Amino acid sequence: MMIRVILVDDDRDTVEVFSQYLEMKGMQVVGTGYNGLEAFELYKELRPDVAILDMKMPEYDGQYAIKMIKKEDPKARIMVVTGYSDYKLEDLGVDAIFYKPYNVDKVVDALKKITIKS
Amino acid sequence: MSEKSPHFFMREFSNDELAKLLVTKVDQLKKEKNQTQGLNERLEQHLSELEETTCKLEETQEELQKERDNLEAQVKLKTKQLLKAEKLTAIGELSARIAHDMRNPLSIIKNTSEIIKSNHKNIDKKNKELWLRHERAVYRISHQVDDVLDFVKDNPIKKKPTEISTVLDDTLDRIEIPDKIKINLPKNDSVIPCDSEKLEVVFVNLIMNAIQAIGNKKGEVFISIADEPGDILLISIKDSGPGIPKKLFPKIFDPLFTTRQIGTGLGLPSCKNIIEKHGGCIDVVSHKGKGATFLIRLSKKTEWEQISKIGDKEKLTNYISAIGK
Numbered sequence: 001m002m003i004r005v006i007l008v009d010d011d012r013d014t015v016e017v018f019s020q021y022l023e024m025k026g027m028q029v030v031g032t033g034y035n036g037l038e039a040f041e042l043y044k045e046l047r048p049d050v051a052i053l054d055m056k057m058p059e060y061d062g063q064y065a066i067k068m069i070k071k072e073d074p075k076a077r078i079m080v081v082t083g084y085s086d087y088k089l090e091d092l093g094v095d096a097i098f099y100k101p102y103n104v105d106k107v108v109d110a111l112k113k114i115t116i117k118s
Numbered sequence: 119m120s121e122k123s124p125h126f127f128m129r130e131f132s133n134d135e136l137a138k139l140l141v142t143k144v145d146q147l148k149k150e151k152n153q154t155q156g157l158n159e160r161l162e163q164h165l166s167e168l169e170e171t172t173c174k175l176e177e178t179q180e181e182l183q184k185e186r187d188n189l190e191a192q193v194k195l196k197t198k199q200l201l202k203a204e205k206l207t208a209i210g211e212l213s214a215r216i217a218h219d220m221r222n223p224l225s226i227i228k229n230t231s232e233i234i235k236s237n238h239k240n241i242d243k244k245n246k247e248l249w250l251r252h253e254r255a256v257y258r259i260s261h262q263v264d265d266v267l268d269f270v271k272d273n274p275i276k277k278k279p280t281e282i283s284t285v286l287d288d289t290l291d292r293i294e295i296p297d298k299i300k301i302n303l304p305k306n307d308s309v310i311p312c313d314s315e316k317l318e319v320v321f322v323n324l325i326m327n328a329i330q331a332i333g334n335k336k337g338e339v340f341i342s343i344a345d346e347p348g349d350i351l352l353i354s355i356k357d358s359g360p361g362i363p364k365k366l367f368p369k370i371f372d373p374l375f376t377t378r379q380i381g382t383g384l385g386l387p388s389c390k391n392i393i394e395k396h397g398g399c400i401d402v403v404s405h406k407g408k409g410a411t412f413l414i415r416l417s418k419k420t421e422w423e424q425i426s427k428i429g430d431k432e433k434l435t436n437y438i439s440a441i442g443k
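Protein sequence lines, in the order shown, are assigned to chains W and A.
For the first sequence, the positions run 1 to 118 when our numbering is used.
For the second sequence, the positions run 119 to 443 when our numbering is used.
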């Protein structure tokens, strides 16, 4: 069974290329968004296995998305893929953290590991 | 005989009386002379005391002036340092922002090249080589970006008792050592509390600098460790290169100062930053033509021992720096 993910990042090229790459590696990208609010709405609507989020996004950022998604579904699986940020990532209680530029195979491995837990 | 003489109003004194009068007068004069002498002496004493006091006042005034000049100079120096620090902070923040913004495009370059590569499984040798160059270039930018962000981000260090030999071995695993250069490792070992990852960064930087200093010639790098009083460990890294001119000594630990074309110049400042976070200090000794030696001094005591014995970490750092001078 394919792993269903949503991918949210404020950079459209990143979303496009990352989606393509993930699908190449066998993931199913069921939704894409460009800020934290869209991330939350996509999660509510599609209930993916993992939400892949960037942190620095305009208006509603990753922190907002994580808070809202976890409120809605405490068991939500979240992976953060970001450039360096000032956010205290370890304290956010997410399942995986990757820094750009990431190694896509490692990201895919992590996605598989996270979903096995559930 | 009391004949009527012209001096009849003058009493005739007898010789005895005269003599007595004279003696009394002389005594009186002597007394007055002594008194005057006494007064003179006291006056002279007062005068010399006054002179002394005036001298002391002059000295004190000179000292005060010196102190004031000294303080003025210090204020000027501190102001200069503050301005420089502020500038560096501003540059640091700017660099961090730029580096951060580079990460997205870097990811895209990396990913698109991977996708294109996998869409064209049968590429010829020449193109394969080009892809490798492409990947290495992305890798290089990535690491430069990491260097800048690491430098600016100010990560706290986590100390654990570690063997120096282990850190050195890990360091050498990471570096490519040219055949013409021999690395001499220390014959002894020591365990000190340190952040082994961060210390590795320091060693990598220093040894790579040493290798670059030697260049394309035959040369050696000598690494040694020794104990110093006060539970201090001295780690020396010496190269057989051309040495560093003394006038550059204060600059080499400045961020962004480099005499080379490659590199951002963040190596030595990062090393200094890491060593000082450990509570230690780093110095350089060099003579023209005789290579350069970098001296790292770290405390062998754990933080608990340091605090309970000396007072606080700042005091220890000052103490170590003082010994190092």
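Calculated directly from the structure, the hints in this document are not laboratory data.
Any given hint might turn out to be false.
[What the hints assert, rightly or not] List of simulated lysine-lysine pairs, PhoX-like, C-alpha gap at most 25 Å:
1. A:Lys277 <-> A:Lys418
2. W:Lys112 <-> A:Lys390
3. W:Lys56 <-> W:Lys71
4. W:Lys25 <-> A:Lys239
5. A:Lys335 <-> A:Lys298
6. A:Lys390 <-> A:Lys365
7. A:Lys390 <-> A:Lys419
8. A:Lys194 <-> A:Lys335
9. A:Lys184 <-> A:Lys196
10. W:Lys25 <-> A:Lys356
11. A:Lys278 <-> W:Lys88
12. A:Lys202 <-> A:Lys390
13. A:Lys390 <-> A:Lys418
14. A:Lys356 <-> A:Lys202
15. W:Lys71 <-> W:Lys106
16. A:Lys278 <-> A:Lys364
17. A:Lys202 <-> W:Lys25
18. A:Lys196 <-> A:Lys356
19. W:Lys106 <-> A:Lys235
20. W:Lys106 <-> A:Lys356
21. W:Lys88 <-> A:Lys243
22. A:Lys364 <-> A:Lys196
23. W:Lys106 <-> A:Lys246
24. A:Lys356 <-> A:Lys390
25. W:Lys88 <-> A:Lys276
26. A:Lys196 <-> A:Lys419
27. W:Lys88 <-> A:Lys395
28. A:Lys390 <-> A:Lys276
29. W:Lys44 <-> W:Lys70
[Stated by the list, open to error] Short derived list, chain W residues pointing at chain A, Cβ under 7 Å:
30. Val15
31. Ser19
32. Pro101
33. Asp105
All values reported here derive from a predicted model rather than from experimental measurement.
Beta carbons: idealized from backbone N, C-alpha and C, even for Gly.
Verification of the supplied hints:
no., hint, in the structure
1, A:Lys277 <-> A:Lys418, "11 Å, holds"
2, W:Lys112 <-> A:Lys390, "41 Å, violated"
3, W:Lys56 <-> W:Lys71, "20 Å, holds"
4, W:Lys25 <-> A:Lys239, "15 Å, holds"
5, A:Lys335 <-> A:Lys298, "6 Å, holds"
6, A:Lys390 <-> A:Lys365, "19 Å, holds"
7, A:Lys390 <-> A:Lys419, "20 Å, holds"
8, A:Lys194 <-> A:Lys335, "45 Å, violated"
9, A:Lys184 <-> A:Lys196, "18 Å, holds"
10, W:Lys25 <-> A:Lys356, "49 Å, violated"
11, A:Lys278 <-> W:Lys88, "23 Å, holds"
12, A:Lys202 <-> A:Lys390, "17 Å, holds"
13, A:Lys390 <-> A:Lys418, "18 Å, holds"
14, A:Lys356 <-> A:Lys202, "31 Å, violated"
15, W:Lys71 <-> W:Lys106, "28 Å, violated"
16, A:Lys278 <-> A:Lys364, "36 Å, violated"
17, A:Lys202 <-> W:Lys25, "50 Å, violated"
18, A:Lys196 <-> A:Lys356, "33 Å, violated"
19, W:Lys106 <-> A:Lys235, "18 Å, holds"
20, W:Lys106 <-> A:Lys356, "40 Å, violated"
21, W:Lys88 <-> A:Lys243, "45 Å, violated"
22, A:Lys364 <-> A:Lys196, "24 Å, holds"
23, W:Lys106 <-> A:Lys246, "23 Å, holds"
24, A:Lys356 <-> A:Lys390, "17 Å, holds"
25, W:Lys88 <-> A:Lys276, "17 Å, holds"
26, A:Lys196 <-> A:Lys419, "32 Å, violated"
27, W:Lys88 <-> A:Lys395, "21 Å, holds"
28, A:Lys390 <-> A:Lys276, "17 Å, holds"
29, W:Lys44 <-> W:Lys70, "11 Å, holds"
30, Val15, "10 Å, violated"
31, Ser19, "10 Å, violated"
32, Pro101, "4 Å, holds"
33, Asp105, "9 Å, violated"
The structure fails hints 2, 8, 10, 14, 15, 16, 17, 18, 20, 21, 26, 30, 31, 33 (numbered hints given earlier, in ascending order).
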